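*Asks:* Okay, here's what each chain looks like letter by letter:
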Amino acid sequence: MAARHEAPMRARGVSGVLKGIKRLLKMHRIFIAQDLKKLMEYKVDFLTGMLGFIVYQTINLIFLWVIFSNIPALKGWTYEQIIFIYGFSLLPKGIDHLFFDQLWNVGYSYISRGDFDKYLTRPLNPLFTVIVERFQVDALGELIVGVALMASTVGSVSIQWSVLNVILFLLILPFATLIYTGIKIITTAVAFWTKRSGQITHVFYLVNDFAKYPTTIYNDVIRNVITYIIPFAFTAFYPASYFLTGENPLFNLGGTVIAAAVLMTVGVLLWNKGMSVYESAGS
Amino acid sequence: MRRFFRTYLPFSRAGVQMMLAYRSDFLFHLIGEMLMCIVMYFVWLAVFESSDGSTFMGFSMTDMTVYLFISFVTSYLTYSDGAIALGEEIRDGSIVMRMIKPVKFDMTFLFQELGGRTIEVIIALVPMCVCVEAYKFCVTGSVMFNPVYFLLFLLSTVLAYLVSFYFNVCYGFTAFFLKNLWGSNVLKDAIISFLSGSRIPLAFMPPVLQSVLTFLPFASLSYIPVMIYMGMYDGMTIFKSMLLQAFWLLAFWALSKLIWRLAMKRLCVQGG
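Protein chains in written order, with the numbering used here: chain A, 87 to 369; chain B, 480 to 751.
Bound conformation, chain A alone (with noise of 0.2 Å):
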């Protein structure tokens, strides 16, 4: 996504763009290493943090338990299509978590202390480094638990793995994870003005609870927020609902590719405006 702006002005055509991503993928490759080489040193600190993720997710399932030990269904779905959903759901929740963790610290501190600065002063494209600059190995409480929780529904769901489902199974979630990414830097982009906007994808990012469970629980009002504003259902449920039922592979897949597209250009062209207003907050 970065790559178009990255590549560096002498490099022009195909050959100078592919040149610039291999660059940013090396740098990529540099800033996992480094947090790896942290990890290595709290190591006590790594196995809470995750740990902390997986129990914060097994009391989810239990509640899930605790529920359909007394209903069979919830709205006509089932306990295990439930799991299912739920344990997509963690997919693009976790990935983004591992890959792109470090939007959180700009707008809760960075810009309104001026820290940002370090960024541009870099031969680096801002978004890009601060976009990948932490690699957060707590995710893999999240990815952990979810791919337990979809593994442990095999068999009993009715879910075809043929080979064009586990493609699409694959594509489908780098633009999941996207749509997570894409509200995180358009709220944190608005920091740019009003210095401070951590609470506001707090606030925006737990929106992402109402993806876990089938739309059809909410009213319209918040069906449609969800669908069409904050668009976290395309992040579960309605790509889950396809593998689950084979219907509607057009809004439910391709609604999350399109919403994934639309909030990563929002997202680059609001930061690339905040950008130009930055005022560094000086000290």
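It is worth saying that the hints were derived from the structure and are not from the lab. Small disclaimer: the values here were computed from a predicted structure and weren't measured. The reader is advised that the hints may include incorrect statements.
Said to hold, decoys possible - Selected chain B positions facing chain A (Cβ under 7 Å, derived; list incomplete):
id	residue
1	Phe507
2	Ile510
3	Met515
4	Val518
5	Ala525
6	Thr541
7	Thr544
8	Glu567
9	Ser663
10	Val665
11	Phe673
12	Ile679
13	Pro686
To be verified - Straight-line C-alpha distance at most 25 Å; calculated PhoX-like pairs for lysine-lysine:
id	chain 1	residue 1	chain 2	residue 2
14	A	Lys124	B	Lys667
15	A	Lys108	A	Lys123
16	A	Lys281	A	Lys105
17	B	Lys667	A	Lys129
18	A	Lys124	A	Lys204
19	A	Lys204	A	Lys123
Stated by the list, open to error - Label-pair distances were calculated between CB atoms; the ranges are:
id	chain 1	residue 1	chain 2	residue 2	range
20	B	Val495	A	Leu254	30 to 40 Å
21	A	Arg115	B	Pro489	47 to 57 Å
22	B	Leu737	A	Arg208	23 to 33 Å
23	A	Ala119	B	Asp668	27 to 37 Å
24	B	Val495	A	Ser238	43 to 53 Å
25	B	Pro489	A	Leu147	38 to 48 Å
Glycine is no exception: its CB is placed at the ideal position from the N, C-alpha and C atoms.
Starting from the structure of chain A, add chain B where the hints point.
*Replies:* Positioned in the frame of chain A, the structure of chain B alone reads:
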């Protein structure tokens, strides 16, 4: 006594001012937390529509709604940031500023947080209770507000807050061993949300687990006040439950003093 308040009330005033300075942070945070509550409301609504009877394990949808929102506001008010604040100060060394002054470290934290809490009670608790009572009136068609239960609820909530505060102070000392306070805080909050019954009412748990969890300190954090508010407890149970809260308050207070003493021997602040 007067001297005590003259010493610590300025901390409360600072707390109020901090709250007002960061009022948008507070409001956004409240809205964010409310969202989770709304999700749960719809999940429960779907549960009741999908189940055969009009009650689910002894709770009607009205009970469940009242439980959900009152439990939300109670856990919100009794939540204490002490763990993070103390942890940060231990890590960056600013804890020494509290040590070299003739004040008690826990009282400074406590009074500062109480200042902010007063504002929150006005902004969050009062409207929430009004809404819940209005909702109950709309559904059942009669006013069932009992001022005695409400006062007991307030008293129990104050106890709950103090238990939470001292528990979090004890927990804050983990900063001596951990750098990743964020992760360990997620772990702590997740465990508490389960054990305190704010995620799933303890009444839904298997009987054995239920009696164990009711005795553990976590039920004192929000479950007891909420049950009192809903009128689920009779006089004797209320008395016993509040005694239990007082017991845990004393236990965590003593523990925090003990850890503080031990920790001060170990504390090593670099530079300054």
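*Asks:* Output the numbers, in ascending order, of every earlier hint that fails for this structure.
*Replies:* Of the numbered hints, 6, 7, 8, 13, 16, 20, 22 do not hold.
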